[in-house]
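Participant: Take the given structure of chain A and dock chain B to it, following the hints.
Given next are the chains, with one letter for each unit.
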Amino acid sequence: MSQLDRRTFVKAALAAAAVGSVPVIDLLAAPVMAAEMPALAVRKGTDIPMLVRDTLGALGGMGKFVKAGQTVVVKPNIGWDRTVELAANTHPEVVRVLVELCLEAGAKKVRLFDRTCNDPRRCYTQSGIAAAIANVKSDRVELEHMDPRGYREVAIQGGRFFDRWEFYQPALEADVFINVPIAKHHSISRLTLAMKNLMGVIGGSRGKLHTDIAESLTDINSVLPSTLTVIDATRILVANGPQGGRPEDVRRLDTLIASPDIVAADAYAATLFSLKPEEVPSIVAGARRGLGVMDLKRVRMV
Amino acid sequence: MKNLSWTYARRASQILCLTGFLWLFVQTEYRGVDNLPYPVGLLFRLDPLAALADALASGPFGWGLLWPALLVLLLTAVFGRFFCGWICPLGATLDGLGRLLGRGRRAFSPSLRRVKYYLLFALSAAALGGVQLLGLFDPLAIFLRSLALALYPAYNYGVNRTFDVLYAVDLPVVTPAAQAVFPWWRDHLMAFHQPYFALSFFTLLVFLVIVLLEKFEHRFWCKHLCPLGALLGVCSRHALLQRTPKTLCADCQKCDVLCRSGAVHADGHRRSECLLCLDCTGFCPEERVRFGLYAPRRSGPGIDLERRGVVTALACGVLAAPVVRIAPSAERTNPYLIRPPGAVAEAEFLDRCVRCGECMKVCIGGALHPAWLEAGPVGLWTPLLVARVGYCEYNCTLCGQVCPTGAIKRLPLEPKRKTVIGRAVFDKDRCLPFAKGVECLVCEEHCPTGEKAIVFEEKDVIVDGAARRLKFPKVVDKLCIGCGICETKCPLEGASAIRIISEGESRRERKGLPAGPYG
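Residue numbers (the working numbering), protein chains in the order written: chain A, 4 to 305; chain B, 366 to 884.
Chain A on its own, in the form it takes in the complex (with noise of 0.2 Å):
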């Protein structure tokens, strides 16, 4: 595992001081996504290595997404000191697969990371993941422990909660930003689902987010959008989310959802807690903001 190529983030780091600027994001000028109507896949399957691939086979396959020579981010949940029966993080098997579809689809290099909560390496390690991006034995995949100097401070023009935050710049950088949470219960945002899977590429002390976690939220992902999102919801979390630790919580579901739309995806996954979407603040938020289609009957599911 290895961090943040030094070189080029020690010379960006003091290009910004030189010149002294921040970049700056503007909402205004992201791309309308209204125009059309978002294609959504669910797939049910134990066979999870079958079910990622079929999932993503609906959305047209993994080569719609990532084009050779590309750098792609993968982002998982990986937040917690679990292991994978508690459903705290998102499943190994979900990732390694779509971290090989990646591969097959001629991606340059996979970069995983996340900001854990408990400490990284027991993260890394006792979520499985490490051990799975091990097998994929490829040298163009790399799951990495964050730099605390990968950090970079963005403008947000249009934000919501905070007119600027630090966001962790090889997830700016990336050709492709895959973001794979696992669906889980999460007392102050109702949900933690893609959305707020974002909070693991941010500096910061992120629980001044908690505040008003749904316009946060919102105002992240305004920066940092998910080329695609693939929610894990082959087991999740109901309740003493977002950690889990108790088996009873954890209800298996065997399914994966996909979309380019973050907000269709997460509405999607309300679903399977019994939720309405509109019953998810940061959806809600998300959806007004144009990030994406709340309203399930305006996806096409495929």
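Do not rely on the hints blindly, as some may be mistaken.
What the hints assert, rightly or not - Straight-line C-alpha distance at most 27 Å; calculated DSSO-like pairs for lysine-lysine: (1) LYS211(A) / LYS793(B); (2) LYS211(A) / LYS839(B); (3) LYS211(A) / LYS836(B); (4) LYS824(B) / LYS279(A); (5) LYS111(A) / LYS67(A).
For the record, the hints were derived by calculation from the structure and aren't laboratory data.
Facilitator: This is chain B only, laid out in the frame that chain A set:
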């Protein structure tokens, strides 16, 4: 000078031992497995002073842990202070650094050597009385503590900054070479997180003083001050390994000047002072000096002590206990005195802890820090959990694994998860939902117990004249183990709005009180 081979053998042993200890030290870190195969605490199993401390502490003697130390004592009775000359990492460090810094050759009065014996007697008497300070002066503890709390953090900082600079300036050859080396170096020879400790500077200062004493005289610390040296000296009083000639030769007297421990005298060879460096076998111009095993003889100079000094030392030691005991216990006056999980009851903890700093080095959450006066004056350098800085990782049992003396018991994972080291309490004047009418619940999110010890209740409240429904966090006492992640992660600036206090800790002895709001 034909017999230099002994000097080289001794140096090789010192370098080997020092390297071995440093290797163990670097291994004392979580590297993906829950049980450390080679914790540096192994070193203390060799330490007779740690064994003495354990024997004088309350509770049964840790035979299982400390038998190697007894073996060292036995070997010392046969061979003398070989430990000081051949094994001790602090001794080796002083030999090495003294060579670099240049040494003084000031001749101090031989009576100064008595200080270490007096120190040993005073500390032992104090330990018998219930005040354990041996660890403060134990050379192995000093060595490891300086390494863990000051030198290793500084080394990590220095290496990181050096690599940063190399990348920033991008020198030809040097930078690519550094870039190639760095990942391996980082993964094998450095700490995962930059270690930070409150007492780094003070710890370093103490270490520097001991090193700078070399400027007065070679091995000043070992000769005059080291209580472990004194203990080994007492044991080697009648060592079978003896030197011939016993005294200074009339035609030479070189030993008088060159002996690093000043052990060769007109009245004989002081086995208690000889560090067995064996240099004299090399520098003797006539190659007369030999070491060999001889039947025990009562002859030769004994340990040079004055009755008055011994009595004073013992009296000081005996007095220490009541003087310390009449102060109000820190356990009572400091509610933030949080010890690592598995720590034994406070009085025994202070007895057993040798202040080696290993638990602090290995703590995965960076939670353990050396105490200054927080645990009372005798609690110096003992580990405290400072939850605002770091928290106790729920699934980690490393501190109990590395503790060499059982001050922190080795706990299997399940009992560790149930060991209460304190309890979280809210400061409702600062906690956001209570104080500002804003949602937060970061503490609840991070609470690691499967059934959460921080829960919330939804209540309708009036905030700035408008009705709002808010989630208010609450601690469930019977589930909270005091791990402190809530205090670490509390997003407020400055003091946390939730703090761990020692209330309810498992290790405290309680009599007669029912469980409930008091326990």
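Participant: None of the hints should be skipped; say for each whether it holds.
Facilitator: Against the structure, the hints come out as follows:
no.	hint	verdict
1	LYS211(A) / LYS793(B)	holds, 17 Å
2	LYS211(A) / LYS839(B)	holds, 19 Å
3	LYS211(A) / LYS836(B)	holds, 15 Å
4	LYS824(B) / LYS279(A)	holds, 23 Å
5	LYS111(A) / LYS67(A)	holds, 16 Å
Violation of the numbered hints given earlier is absent; every hint is satisfied by the structure.
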